[in-house]
Structure formats: structure tokens, C-alpha cells
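Residue numbers (numbering that gives the first Met the number 0), protein chains in the order written: chain A, 0 to 513; chain B, 0 to 134.
For the record, the hints were derived by calculation from the structure and aren't laboratory data.
You may find that some hints are simply not true.
Pair by pair, the computed Cβ-Cβ distance ranges are [what the hints assert, rightly or not]:
(1) B:111 x A:486: 35 to 41 Å
(2) A:292 x B:104: 24 to 30 Å
(3) B:52 x A:416: 44 to 50 Å
(4) B:77 x A:403: 57 to 63 Å
(5) A:427 x B:105: 44 to 50 Å
C-beta: ideal position from N, C-alpha, C; glycine also.
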Amino acid sequence: MALDDLLAGFGDALTPGNLLFALLGVLLGTAVGVLPGIGPAMTVALLLPATYVLEPTSALIMFAGIYYGGMYGGSTTSILLNTPGESSSIMTALEGNKMAKAGRGSAALATAAIGSFVAGTIATLLLALVAPTVVDLAIGVTAADYFALAVIAFVAVATVLGSSPLRGLASLCLGLYLGLVGTDVLTGQERFTLGIPQLSDGIDVVVVAVALFAVGESLYVASRLRRGSVQVIDHKGNWMTREDFRRSWKPWLRGTAYGFPLGALPAGGAEIPTFLSYATERKLTKHPDEFGKGAIEGVAGPEAANNAAAAGVLVPLLTLGIPTSATAAIILAAFQGYGIQPGPTLLTTEGPLVWALIASLFIGNAMLLVLNLPLVGVWVRLLRIPRPYLYAGILAFASLGSFAVNADPLDLVLLMVLGLLGFVMRRYGWPVAPAVIGLILGPIAETNLRRALAISDGDLGVLVDTWFSRIVLLLALLVVVVPIVLRLVRGPRTTPAELQHADAKTDAGDRSTL
Amino acid sequence: MAVVVVGLVPNARGQAALEHGLRESRQRGARLVVVNSSRGDALVDEDFLQGDGLRRLHEELAASGVPFQVRQPVHGRDVAEELAAVVAETSAELLVIGVRRRTPVGKLLMGSAAQRILLEVDCPILAVKSPPPAS
Chain A
0 MALDDLLAGF GDALTPGNLL FALLGVLLGT AVGVLPGIGP AMTVALLLPA
50 TYVLEPTSAL IMFAGIYYGG MYGGSTTSIL LNTPGESSSI MTALEGNKMA
100 KAGRGSAALA TAAIGSFVAG TIATLLLALV APTVVDLAIG VTAADYFALA
150 VIAFVAVATV LGSSPLRGLA SLCLGLYLGL VGTDVLTGQE RFTLGIPQLS
200 DGIDVVVVAV ALFAVGESLY VASRLRRGSV QVIDHKGNWM TREDFRRSWK
250 PWLRGTAYGF PLGALPAGGA EIPTFLSYAT ERKLTKHPDE FGKGAIEGVA
300 GPEAANNAAA AGVLVPLLTL GIPTSATAAI ILAAFQGYGI QPGPTLLTTE
350 GPLVWALIAS LFIGNAMLLV LNLPLVGVWV RLLRIPRPYL YAGILAFASL
400 GSFAVNADPL DLVLLMVLGL LGFVMRRYGW PVAPAVIGLI LGPIAETNLR
450 RALAISDGDL GVLVDTWFSR IVLLLALLVV VVPIVLRLVR GPRTTPAELQ
500 HADAKTDAGD RSTL
Chain B
0 MAVVVVGLVP NARGQAALEH GLRESRQRGA RLVVVNSSRG DALVDEDFLQ
50 GDGLRRLHEE LAASGVPFQV RQPVHGRDVA EELAAVVAET SAELLVIGVR
100 RRTPVGKLLM GSAAQRILLE VDCPILAVKS PPPAS
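Kindly produce the complete structure, drawing on both the sequences and the hints.
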């Protein structure tokens, strides 16, 4: 029974030690969420080597805190600086910054925080309810079905994230390629190791993720250190009024309704639901004149949607072992680091761990609500850290972490090379998330593909043997083809990124750091 | 026309420096150049005047009747270098800065912008701690 398990999870999560890790996680998460360019995915990757000495439960509770905290932190920067800290907060900046300029910053921050809490709590509850059911359905999934699921996750993430599907797919292929390096598990053949013995174990996920996120971003920032600074708008003004509440609660719930299912689908995390939520609120509002000038619905909806999506992303991760966002992919790598393979069996073999994780999401969410509003001043002060110090710290931590995983100097060389690659990707607008997902999910997909082919004696027909895999592969095909057709028919599409460029400056670019 | 330069940071010391600067330029019949710079390496620099603060500064200067100019150089250099550059360029006859008491340990750790300005800028410098007496 899910509820009993959840209560047991609360029992595990409410120990003083784990509470401390949850608190540490949400504080770190909010801090990195506030800082543009540094997201939860980079943070979890940087912390991964340091957490191998911890209990898996404690480490994952901290990661969950970082994950949720990042969602909260992004809204603060969006509202007060008009510089979205995370790609999922781009929509918040549209109305939130206008509200802050009109002296209603406190109300905007409050509706964002409370909306995030409401959505996060409902969505986590849904996660707890849905997960066992999905696991029951997933028990019958064959290797071929699993491969199909991985394929749809690949194409969806690659085509949805970033500025163009082509860049996304290219980035995905890069990740898949890096995932191939190493010894073939089935035949023992060495692939792409260039005769370097250290590469026969493959390139460590930590090294790739840290290089692409941390080193790439640091080099990018160094290459164009912004001259001049952004003005912070005082978060003065009244807290939410009764009227604000009345106008906010429906967008919160609608945002949740968009965020959770879309987050749970392998559609690339939080950008799409926030975009849809904003568009819906704009259509449904009784105050159309206020949109574009600071309508509270336009903050409440997207903020709720991005937190609900964050919980939704955990559904495929915990029940199927399929990550659909960069942070989820790195949390999957963390599971693997502890020798746990997420997948349909996770909830049965590691039940207490998963339930403690879900319980800690509730706890983290409550902590964030309490911490966020009173500490806004502290978070804003973080933005005064001169970037050379900040990124020097990140680089030092990145090198330390990469060296720590295997104590092998070669990893530092790889870190540099892949870091340069990350810089080039960032420079030319290739999203990093598909590469990370390809790297981590690629080997899992390959194993399942070859298992299916081994069973069928090499007959490719096995891949479309069940209705499940047929439908999923068809959907994957549609995901690739439909946007191309639509573009031919309707002209260039309007993406959240384009809307953002039209309406407000962004520093988040097309990074998908969910 | 002679030039008086003021290094302005939006706080009490900066305000004191500004008032002394206004008085000096009035007495000397000099043009006032107000310098408010930022290294520009942090996303947010609250010492860099923008929006309302900048508008108030312009209003205050306009009300004083002294010919003035506000410069906000952002070249990634620290404030001593920026001021030295402005002083050299305008051949200023006086630089006014606000200073505050610092502990030796604080100076050791963080350095002192005022000390660097005093050593590096090639013109007479008026270092003030409080607003000028009413004249």
C-alpha cells in the first residue's frame, strides 16, 4: 500500500541527519537556482564524487533538495532582475519583472513561492500515487519495449530542448557516442578507446557532466565577461492581498495540471508546461489589459507549472529508469554510482530508499516555502559575488571532483577537452541536456536493444513485436516529423526562447538546466 | 575650464565627497566630473548608480548650477585606475573622494581603494569623511 510506504519513507527522511541533508540541499539548490548559468544539474554533478562516501539515502535526499530548490531560486532572479536563472523561469520573468517594477515585487515573489509549494506538494502526492501503478504496468515491459521508451526519450528531449531540433539531435549523438567509449559488456571488445587503457572502463559520467556543464559554462562566461551590471529591483511593496490570492489559486492549479503530466512524459522537463501555462493564463484572465504590464496570473501559473514538472520528471526516472531532464540523468548516474539500477524493479528492490526520497521532497518543499521569502535579501546578495571568484571556485571544484572519481590524471585531460567541447556547444547554442541524457541513457538503451536482438536471434522485427513498442516508436517518429511538417505548413514556430527574446533579455539562453 | 573630479559611491561618504566637490567647483569656477564606476564582473553591483539613483544624482547636480558631467566607466578595472584615467584625461586640478576608517586587518585582507587612489592618482586629492560645514 503506497500510503504505508510513504509514511515509512517519512520515518526515514525525518531523522536529524537526513533533515540536515535536505536543508543543505534546498539551500544549495536555491543558491544555484538564483545564479544564472549555474543550475541544479551542474551542482548535482559537481557534488556527485563527494557524496559517494555518504549513505545513498542521504545523498539522494540532498539531490532532491537541490532539484526542487533550483526551481524556487530561478523565480527570484527572474522577478527581481529580469534575468532568468533557469530556462524554466523564462516565462516568470515576463510578468514577474513588470510586477516588481510596478512596486509589487513582494507579491510576485510570494505568488511564485506559494504556487511552487502548492504545485510541488500536489505533484509529489501524484508521484507517490502514480509510481506504484506505473511500476505494475512496467513489470511486463520487454527489452524491446524498453528500447522503444529510450528512443522516444531521446528524440523528445533532443527536439524539444534548445534552439533547434537539429542542434538537439547533434548534441544527443555526441552524448551517445561518448557513452559508447569503453569495453563492450557483451563481447569484451574495446570501442573508441584509442588504445588508452584507462578508457576501457569508459569515460566517467561525472567527468563528462562536469566538463560540459561547469567547465563549458565557466569558459563561456570568461569569454564574454559582461561589462556593466544589472539593476536589482527592490522587493518592496505589499505582500499578497486577498485579491491576489483570489487571482492566483486557479493559475496555481492549472499550472500543476500542465506541469505534472508533461513533466512525466519524456518531453524535456519544464519549459513546455511553463510556456503553455503562461499562454493559457493570458487567454483566460479577466484582466487582459494587465498582461504585459505585470499580471499576477502570469507569475502564478508558470511557477506552479515548473515545480509540478519537476515532480513529474521523477515518475519516469523512478519507475522506468528513464531520465528526461539533465538533472534527472545525473541523479540516475548517482543511483548507478551506488550500484542501484533504476528501472521497474527499483520500487520493489529499493522501496525504502525511493519512499524516503519522495517523503523528502515533501519536506524540502515545505522548507523552501519557509526559507524562500524571508531570505530573498540573502539570495540577491549572492549575485554580487564577482564572477571571477565564483567561476574560479567552480573550476577548482570541478577539477577536484573529476580527479577524485578515479584518482587518474587522465580524467583531468578529458575534463579539459570535453570542457572545450562544452564551451563550443554553449557558444553555438547546442543544448547540453540531450548530450548528458544520451551519455547516461545510451548504454542502458544499447543493453536492452542487444538483449532483445539476442532473444530474437538478430531479427529486427522483435523491436515492433508488441503493441506497446509499436505505439511508442510511432510516437517517437511523430515527434521528429511533426515539427518539420508544421514548420513547412505554418512557417517558423514560436518557441518559448523566441518569445523570451522578443519580450525580455535573457541570460539563461537555451540551457536546459532542469 | 578647470575640472574637479569626484569619485562617487552611493552612500554617506560618497554623498559627503559629492558635496565637497560641488563646493570646490563652485569656488574654483570649475566643471564637476562625477565618476561612478563598476568593475562589471558581478551580475549585480549596488554601488553602480542606475535608474532612480542616477536620476536623483542628475537632478541634484542640475539644481546646484555647477556645470557637470556624470561618467560611469565600466572597463573591468578597479576604481583607482578608473579615477586615474579620468583625472589624466581631463587634467583635473582636484580629486575628491570619501574615505572611512579601516582596521589594519581589514586593509590587509581586502586592500583599501582609498589608499590606492591616494598613491596612484597624479593630482591633489581631497579626502573627506563628513559633509562640508554649512557655508
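Structure-based check of each hint:
Hint check: residue 111 (chain B) to residue 486 (chain A), Cβ distance near 60 Å, so the stated range 35 to 41 Å is violated. One distance hint, 24 to 30 Å for the beta-carbon pair residue 292 (chain A) and residue 104 (chain B), is violated here, with the actual separation near 50 Å. Judged by the Cβ atoms, the range 44 to 50 Å given for residue 52 (chain B) and residue 416 (chain A) holds: they are separated by roughly 46 Å. A hinted range of 57 to 63 Å is violated for the C-beta pair residue 77 (chain B) and residue 403 (chain A), which are about 36 Å apart.
Residue 427 (chain A) and residue 105 (chain B) have their C-beta atoms about 45 Å apart, which keeps the hinted 44 to 50 Å range intact.
Hints 1, 2 and 4 from the earlier list are contradicted by this structure; the remaining hints agree with it.
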